[in-house]
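Note that our numbering has the sequence shown beginning at 5, numbered continuously upward.
Treat the hints loosely; a few may be bogus.
Each computed DSS-like pair below joins lysine-lysine, with the alpha-carbon atoms no more than 27 Å apart [what the hints assert, rightly or not]:
no.: 1; residue 1: Lys101; residue 2: Lys58
no.: 2; residue 1: Lys156; residue 2: Lys59
no.: 3; residue 1: Lys156; residue 2: Lys173
no.: 4; residue 1: Lys59; residue 2: Lys105
no.: 5; residue 1: Lys42; residue 2: Lys184
no.: 6; residue 1: Lys105; residue 2: Lys58
no.: 7; residue 1: Lys15; residue 2: Lys173
Hints were generated in silico from the structure; no laboratory data involved.
If you're wondering where the values come from, they're calculated on a predicted model, not measured in any experiment.
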Amino acid sequence: TIGSLAAHGIKRFVLINFHGGNTHIVNLAAQLARRRFKVMVATPHGPSQTELAKKIRYRMQRYFEVHSGPRETAFALHYFPELVEMWRLEDWRNTFKVHPKLMEFMDPEREDYELVSQVFMACLEPDTDDFTSSGQYAITDPREADPEEAAKYIEERIQFLVDFINLWKTIPLPPAYRCKPQPFSA
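All chains should be modelled from the sequences, with the hints used to inform the complete structure.
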């Protein structure tokens with residue numbers, strides 16, 4: 005744990021989150037660890053400005069590619085293709101259903117996209133089964149998954165993290181983190 009490692013003198017931690025639904029709790033864990041254990045904790049996210057990252061973000065905004073769409077299917081096909089049962093998609097049909105007015109908001113090229121995308125999320129029903137019978141949060145076809153694109157994105161992400169860590173290591177430890185943390189107890 006962070007507390008145990010901090011007690012042994014480790015001062016910098018990187019928490020990597022690859023699941024959007026965990027963002028708030030990971031950020032909270034980082035904040036709590038910083039305060040309790042007097043350690044630096046980073047939760048880097050990126051890259052966001054590469055052509056591939058922009059392309060993926062556009063699809064996520066335009067087609068709500070969150071769960072079980074082409075993006076996630078591509079990651080699964082890249083990491084563990086033997087577990088992906090693509091044959092189940094032979095008669096695939098989209099089960100994602102929201103009010104037609106909300107569907108109009110899924111256009112990142114709208115001038116008011118910043119506003120309407122937040123209204124979209126505010127109106128999204130609370131449980132997955134309220135708006136999809138299959139669990140897929142996307143209006144795109146998972147059969148369009150591209151494992152090569154996933155591999156390229158993963159490489160970009162890894163390089164971003166390497167660059168982050170290398171730059172971070174050049175920054176001296178701020179005074180608040182130079183003290184010894186309290187003894188760790190669970």
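Which hints, by number, does the structure contradict?
-> none
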